[in-house]
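Trainee: Given the coordinates of chain Y, work out where chain X should sit on it, guided by the hints.
First to last, the protein sequences are chains Y and X.
Quick note: the first sequence uses my numbering, first residue 1, plus one each step.
Quick note: the second sequence uses my numbering, first residue 1001, plus one each step.
Hints are supplied without guarantee of correctness; some may be wrong.
[Unchecked claim] Beta-carbon label-pair distances, calculated as ranges:
#1 X/1007 / Y/148: 53 to 63 Å
#2 Y/245 / X/1083: 19 to 29 Å
#3 Y/274 / X/1023: 35 to 45 Å
By construction, these hints were calculated from the structure, which means they are not laboratory data.
Bear in mind that the values here come from a model prediction, so they are computed numbers and not experimental data.
Using N, Cα and C, we set each Cβ at its ideal position, and we do this for glycine too.
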Amino acid sequence: MASSAEMTQEENNWGGGSRPLGSRYGKLMMWFFLLSDALTFSGFLTAYGLMRFKFESTWPIAENVFTHFPGLEGDQPLLYVALMTFILIMSSVTMVLAVNAGEKMNRKAVTNWMLWTIVGGFIFVGSQAWEWYHFIIGDSGAVETVRQEILHIYNEEGERLSFSQVIHGMEEGHASNHGEMFTKAEVLSAMKSNEGMYLMEPGKAGEAFTHERSVALLEAGDVVQGANMIHNEYGQKQFANFFFFITGFHGFHVFSGVVINFIIFYNVLLGTYERRGHYRMVEKVGLYWHFVDLVWVFVFTFFYLV
Amino acid sequence: MSDHNGTWWIWKVFWILLVITGVEVALGIVKPEFMLTPVIGTSILNIVFIVLTLIKAAYIVQIFMHVKFEKKGLKYALYLPTLILIPYLTFILLTEGSYLFQ
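Bound-form chain Y, shown alone:
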């Protein structure tokens, strides 16, 4: 009779009876989507690394770019992005709590934690919009040479100067231009009258120029303020392109995550999953939401820290 028992086992295996992955269709498909998305993001980040390696001397140092914090003056490197990271981790935690409550069929707790997750997602998207706004509007301003290289202005003490400080002087001017626009003629005349001012490349191993050469470079070139797809005052323009693309693609994931979370939240309110007898939809959208957090962990490291 042993052979017939083996036979049934065999029929089960080949007849679709066994569940080798121990997971349901919807969750599996979500996982395979996330797998392909993970490969997409790793492609973006490695491409970023390659371009950064290629343009080492002019690649902006992130902590000199993202220095604003709402309500605080002066340089606050990393602080704002740390807050954003904290918000996203927090909303990931509330998502696990929602999934956990769903397994216990606790509708009230699922509603509560889903709501917090959505709030966290909204705050994150809003923070990103705020950061983009400051990135686009610019900070100190820079000189763009005819060869499209970006150079920053320094004084004899080796301090980085904003256009505001170059033109209004160290006491009167602000460390940030605060959206005030300056012309090339204004910057040029201020630079000519101050022998100590010179230009330097923005990267980690940036080259510095003499005062005379700096004036000549500005005369032939132009001034840029802010960042967009064509000009970028912070340094190599690919930096801005990668910044818009990678954080934008991630931000789009967060945004769609918030929308999907909201749809699921609405269904929880309607009692759809209570009637269905399980909260597996919450688990699936939870996977997506954790993935968004996971990607941010890597973006945070490779964009802001390394």
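Mentor: The following block gives chain X in isolation, referenced to the frame of chain Y:
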């Protein structure tokens, strides 16, 4: 999650992630001198950042995304493609990238 009671394990991971992020931010602001020594084409600090990031990622995937408690088959289906393809892509770009300055 039947093998878990309560929610303490969620908060434990939360504190781990928070502390690691805090350490990363502190290191990023202070940038200790001794950690800037170059090793294998980058600095010790950057390697510390990458290791801490991978630890965070492991906690998110294993606990929050629940992979630790899935069946072996699903674990392999998820880990093998990522752990082979991403290092492979990185390796290709690192080696072929050396042509950029030739």
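Trainee: Evaluate each hint against the coordinates.
Mentor: Results of checking the hints against the structure:
no. : hint                       : result
1   : X/1007 / Y/148: 53 to 63 Å : 54 Å, holds
2   : Y/245 / X/1083: 19 to 29 Å : 25 Å, holds
3   : Y/274 / X/1023: 35 to 45 Å : 42 Å, holds
Checked against the numbered hints given earlier, the structure satisfies every one of them.
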